[in-house]
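Trainee: As a plain string of letters, each chain reads:
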Amino acid sequence: MNRIWITLVLACCLTLPGSAQSEITVTDQAGYTVTLKQPIEIITSVHGIATYYIYTLGGGDRLDTAYYIGVKTLSSASDSMLRWEPRLPELLAYGDPNIEEIVASGSELVLADGAQHEAIAEQLRELGIPVVLYRAETPSEMKEAIALTGTLLGPSAEDRAASFIADYERLVNTVSSDLSTLDEQARARVLFIGTSLTKAISGEMYQSSLIAAAGGICVTDVLFGSWNEVNLEQILLWNPQIIIIPPYGMIQPADILENPDWQVLDAVQSGRVYRMPRLIAPMDTPVPESLLGIAWMAKTFYPERVSLDLAQEIERFYTAYYGFELTDEEIGILSSP
Amino acid sequence: MNQSRRYVNWLLLFIPVATFLFALFLGRYGIRVFDTVRVLLGLDGPTDVFRALILRVRLPRVLAAACVGANLAVVGASFQGLFRNPLVDSRILGVSSGAAFGAALALLLTSQGMLIQASAFAFAMVAIGLVMLVGMRFGSSTLVLVIGGILVGALFNSLLGLIKYVADPLSTLPAITYWLLGSLNATQWSDLPPLLSITGLGLSFFMLLRWRLNLLTVSDTEAMAMGIRVRLLRTILVSVGTLMVAASVALAGTIGWIGLVVPHVARAWVGPDHGRLIPASAALGATTLILLDTVARTVLPSEIPLGVLTGLIGVPAFFLLFLRFLRARGEAR
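Order-wise, the sequence lines are chains S and X.
So the number in this note's numbering is just where the residue sits in the first sequence, counting from 1, plus 29.
So the number in this note's numbering is just where the residue sits in the second sequence, counting from 1, plus 86.
One chain only, chain S, in its complex shape (with noise of 0.2 Å):
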């Protein structure tokens, strides 16, 4: 007997300071626990949106196959893109995760979405690898999963999730006490839509909440779910001061400004119909970059009220967190309404 606790004993010794060391255990965002070795060194993500946490906190040589939102063939991607991913050809993936794939690349770690990856994660747990799955549809949610893919990725990415969340909080908080003095009746109505004229955002969805960080009013809060279609008619109701249109998508400002039906809104007969500009990312939907998004918003909103240097944050940003030196030319794209 007294043998058989000894080698316990013994086998807590050799294998409990180790265990501390090279296994970790979180809690995913659809509630999951993953327990998964350290470090990581082979990354898969079916997630265009984790991709790019991954990304901002430095992890990018790690990943095996990624998804990139908006991005489905080498063709689709920006000149910048290519720049900034040298190795895109070889890691760009698109449509629904193939299995043996994922199993063959010797993944160590697959990123993947709550919302549609439930069942994959399912199979890739049987076969004994991890799978962290993601729901960040709100600015707080954005940033619990930028901390917890720090987590995932060891300490110097700890320490860069803490300091990007400290840089949204610095903006917001700028953005919000430029503004402090300006009262709701003075505040942007603004109309976001995309994909088509007549397609609006709901209250549910995260661009408003990057309109309302940008102290603007989403005149579609009262709408839920996703892309919602609206009529003219409501949209004249709504009457907009401003319009912005997503970066994807092929609508274009001059098909609301040069367009008859809409000469009656506010928006079109002031001229302030805007594209959200890209380099990387989609700025509106909930990546890091996002949070120039707040910034572009919120500058386009009220330009005069809002003492941010755009061109300074977005360098800052790229420089940070992408490791990635912008030209002129594209500091210029990003900052200009």
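Certain hints may be false.
Unchecked claim - As a list, the in silico SDA-like pairs of lysine to any residue whose alpha-carbon atoms are at most 20 Å apart:
#1 X:Lys250 - S:Ser255
#2 S:Lys101 - X:Thr196
#3 S:Lys101 - X:Ile262
#4 S:Lys101 - X:Leu256
#5 S:Lys172 - S:Thr56
#6 S:Lys101 - X:Lys250
#7 X:Lys250 - S:Gly124
#8 S:Lys101 - S:Gln145
Treat the hints as calculated values from the structure; they're not laboratory data.
The model shown is predicted, which means the values in this text are computed figures rather than measured ones.
For this one, chain S is given, so just place chain X on it according to the hints.
Mentor: Just chain X now, with coordinates in the frame of chain S:
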């Protein structure tokens, strides 16, 4: 013409016209009836906003709803007779599937409404062309046409699935999904000339031939014995019907139930004689879609897809009709 028949005829004219005017008074933007009437009569007073809303937003849309509803119902009624099958509607020949594929393909490549409509129309024509080829090769009997329609419809549905699979989930896929549910939200005046002309010609054609449709509801042999060139007549009717459906689907997306249920309601009202069934279907189809589209654009801040509304109304209506049929046969209490 007896008194009650004359009364029904006036009612068939009055109901869609009254519904049309009623729909112009309703919308999310509160405009008084008085102002609406002044705008319609071209009188001074109402603001530019009111004029733009009534003349550029509501009027073309209500007009389109009337045309699409009438087209789908008339084609449904005539196809039910033509194929001697009460469960048939305008989708039987794969035309809607072809149009859906065409629209989805265009949505993948462009956001231009005219191009989307043109592509939907073109692929609807490709679909019926393929069905006709099958018909030419194996004889244009109703069975061959129906089998051809099922095959062509299945082919285009698979291709549509492929397009949805490769479509960008952020932008294109929601647009395709919404298109497939049907809507008149994007209607502009520039969309109306092709729809109005095809509807006008198509309805006139079916009105002229409505008596001959009765002869096609009997067997081919009996119809031929009465001097009807069955295959030729059937091919012409199918072609004109397809044009009307293609023009409707290209503008409004795939809208179910109108082509199936409205003809049965009309039949229950005026009887099975196509001489009266065709105008009744046109009037009730136009009325139904105007009313449903008014609900779609006024009840909520966001649009309700027409396909959702036609399904919600169509299913119970069809069930009630079926119950009535069973009761008539003594098979239900």
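Trainee: If a hint holds in the structure, say so; if it doesn't, say that too.
Mentor: Comparing the hints with the structure gives:
{"no.": "1", "hint": "X:Lys250 - S:Ser255", "verdict": "holds (18 Å)"}
{"no.": "2", "hint": "S:Lys101 - X:Thr196", "verdict": "holds (17 Å)"}
{"no.": "3", "hint": "S:Lys101 - X:Ile262", "verdict": "holds (17 Å)"}
{"no.": "4", "hint": "S:Lys101 - X:Leu256", "verdict": "holds (11 Å)"}
{"no.": "5", "hint": "S:Lys172 - S:Thr56", "verdict": "holds (15 Å)"}
{"no.": "6", "hint": "S:Lys101 - X:Lys250", "verdict": "holds (13 Å)"}
{"no.": "7", "hint": "X:Lys250 - S:Gly124", "verdict": "holds (11 Å)"}
{"no.": "8", "hint": "S:Lys101 - S:Gln145", "verdict": "holds (18 Å)"}
Comparing the model with each numbered hint stated earlier shows that all of them hold.
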